Amino acid sequence: MNCQEVMDYMQRELDGDLSVFESVKAHEHIRQCADCAAMYERLKRLSAELENLPKVTPPISLVDAILPKLDEIDRVKAASADAGATDLPGSAGTTARTSPRRRNSRFSLRILSGVVAAGVVAGVFLVMNDPDRLHDSISGNFAATESSSSGSSDPMLMMDASTDASGAQKRFGAAMPADIAEAPAQGTGADSSADSLKQPARVPSGDGLTDSGASPGSDTGSTEGEDVMSPPAVLDGAGDRIGVAEPDERTEDGVQLVITGFADQKGGELVESVSPDGSYTAVFADSRVVVYDRDGNARFEGEARQGSIAAMGWSEDGTYFRYEIRLEDGTEEIYRIDPAAGTETKE
Amino acid sequence: MVEPSLIRAAREGDREALITLLREIETHVYRTAYYLVGNEQDAMDAAQEALIRIYSKIGSYEEKAQFKTWVQRIVTNICIDKFRRSKPTVSIEEHEMVFEGKESVEGEVMAAYAAKDIREAIDRLPEHHRAVVVLRYLQDFSYNEIADSLDLPLNTVKSYLFRARQQLQVLLRDYQKGGVRG
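Top to bottom, those sequences are chains A and B.
Last residue of the first sequence: number 347 in the numbering used here, and the count goes up by one each step with no gaps.
Last residue of the second sequence: number 182 in the numbering used here, and the count goes up by one each step with no gaps.
Keep in mind that the hints were calculated from the coordinates and are not lab data.
Computed from a prediction, not measured in an experiment: that's the story for all the values here.
Errors might be hidden in some of the hints.
Derived EDC-like pairs: lysine to aspartate or glutamate, alpha-carbon spacing no greater than 16 Å straight-line [what the hints assert, rightly or not]:
{"#": "1", "chain 1": "B", "residue 1": "K57", "chain 2": "A", "residue 2": "D74"}
{"#": "2", "chain 1": "B", "residue 1": "K116", "chain 2": "A", "residue 2": "E51"}
{"#": "3", "chain 1": "B", "residue 1": "K158", "chain 2": "A", "residue 2": "D17"}
{"#": "4", "chain 1": "A", "residue 1": "K44", "chain 2": "A", "residue 2": "D17"}
Derived contacts from chain B toward chain A, CB cut-off under 8 Å, selection only [said to hold, decoys possible]:
{"#": "5", "residue": "T27"}
{"#": "6", "residue": "R31"}
{"#": "7", "residue": "Y55"}
{"#": "8", "residue": "L168"}
{"#": "9", "residue": "Q169"}
Which chain B residues stay away from chain A? Per the calculated CB distances, all over 10 Å, these [stated by the list, open to error]:
{"#": "10", "residue": "P4"}
{"#": "11", "residue": "A9"}
{"#": "12", "residue": "R11"}
{"#": "13", "residue": "E12"}
{"#": "14", "residue": "E63"}
{"#": "15", "residue": "A65"}
{"#": "16", "residue": "R73"}
{"#": "17", "residue": "R124"}
{"#": "18", "residue": "L152"}
Don't be surprised by glycine CBs; every beta carbon is placed ideally from N, CA and C.
Model the full structure from these sequences, guided by the hints.
In structure tokens:
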């Protein structure tokens, strides 16, 4: 038996993995080999010291510390289940979505996607000869493009249908011909992107619990972590429905109900959430929550908060908005805003 | 370690059972996190995140796996993925620093030094080697349980553990040569 084999045996002996026979053989060698004997002593001593490492315990009860967050998870789950059960345009209200993109870049990209859409329409114009079908397809797309672009001056509409430009462009490119050939009256790009955003309630918690990367139809950056908040059913639905939007989802209401929210973890955070009935939009930006009404007027401006936004959401009836701030020291504060009364209270 | 009936109740949606379950495992979760990330604050963060994930994912736990290895898999993944430290692991050869013996040679003080030395040495191990050592010595896991927790082949677990011990042994011998316990 050579020293290397004995080394292996010594290691296994420390773990109680050696048979009696193997042990006898190893010790025969150790008795005759000073190097192995010294090594054996060191390994035994090391193993004993490892076994005696302090059995550290948490300084405070971790479960107590996370109880509020667990409650929040339950609430979000319940809300998601409700939203998922009635998967209609009007039910997508409490969605909040995170994305690392900044608002201004989204905006310019959206304009770009509008231009691309117009370009595609023009291109199709040249090759199509059926005036009636053409008319329909153009008006459909113009309507979509318009609703998208007009959001620039209107905070409400800024949370509109567009996802990121690359995705939108891809969809424009792929969806246009088929749509024009088969369903001219339906818009393409804006529809599909609006549709793809119809997701259930998601509360950005800032700790990796939400995974924006799972949002179908948007290849916006994702945070690492597992998606624990959105029901699988909705993911299926949204993924398959690109390009098959129903016409009524293009209505003004439909656009307003689409929610985007995004948080730039490194710079300022920006998170948005629309109330279930669409009458309010809460935006967390520059350390404070501002609630806008349907027309985009700021109806209530909250106090500036120190810390990061951990969770947010509207009550089911849309009368109040709650959000959770995580402070530097790890503690959390929950606030409630009643936009009708114009109050903000700490819970 | 944990009552199977409690786990079953938690899986079936009994919230109280689930909370009780989390309380029973929180120390184990924290202990692993502490030795993997190397400081109390990050260990608290990692352990809380692990508990939240366990809370959310309990439905996906399948009884064919051991609960304790499922739990340790979650916490080690979080520690390795999210609390990865930029600190490079030092190879054995480079490590030649000599510690002064200071004035005290009392047994108690020497033991304290040893514990600190060991923690420091563990800290220098590559992540998966460190994880294997932590599960072996802080959770008292078998080779198989470590393999299940870290999703590694059994032979890899053994070779990581053996190499880790060999490296630790060299590091600690250097400390001793430095005069602390020579």
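Against the structure, the hints come out as follows:
1. K57/B with D74/A: It holds: about 12 Å lies between the C-alpha atoms, which stays within 16 Å.
2. K116/B with E51/A: holds, 14 Å
3. K158/B with D17/A: Holds - the C-alpha atoms of D17/A and K158/B are around 11 Å apart, at most 16 Å.
4. K44/A with D17/A: The hint holds at about 14 Å.
5. T27: Holds. Min distance 5 Å.
6. R31: holds, 6 Å
7. Y55: holds, 5 Å
8. L168: holds, 6 Å
9. Q169: holds, 5 Å
10. P4: The assertion about P4/B holds, with a minimum of 20 Å to chain A.
11. A9: holds, 16 Å
12. R11: holds, 16 Å
13. E12: For E12/B, whose nearest Cβ neighbour in chain A is about 16 Å away, the distance exceeds 10 Å, so it holds.
14. E63: Nearest chain A Cβ is 21 Å from E63/B, so the label holds.
15. A65: holds, 17 Å
16. R73: holds, 13 Å
17. R124: holds, 14 Å
18. L152: holds, 16 Å
Of the numbered hints given earlier, the model fails none.
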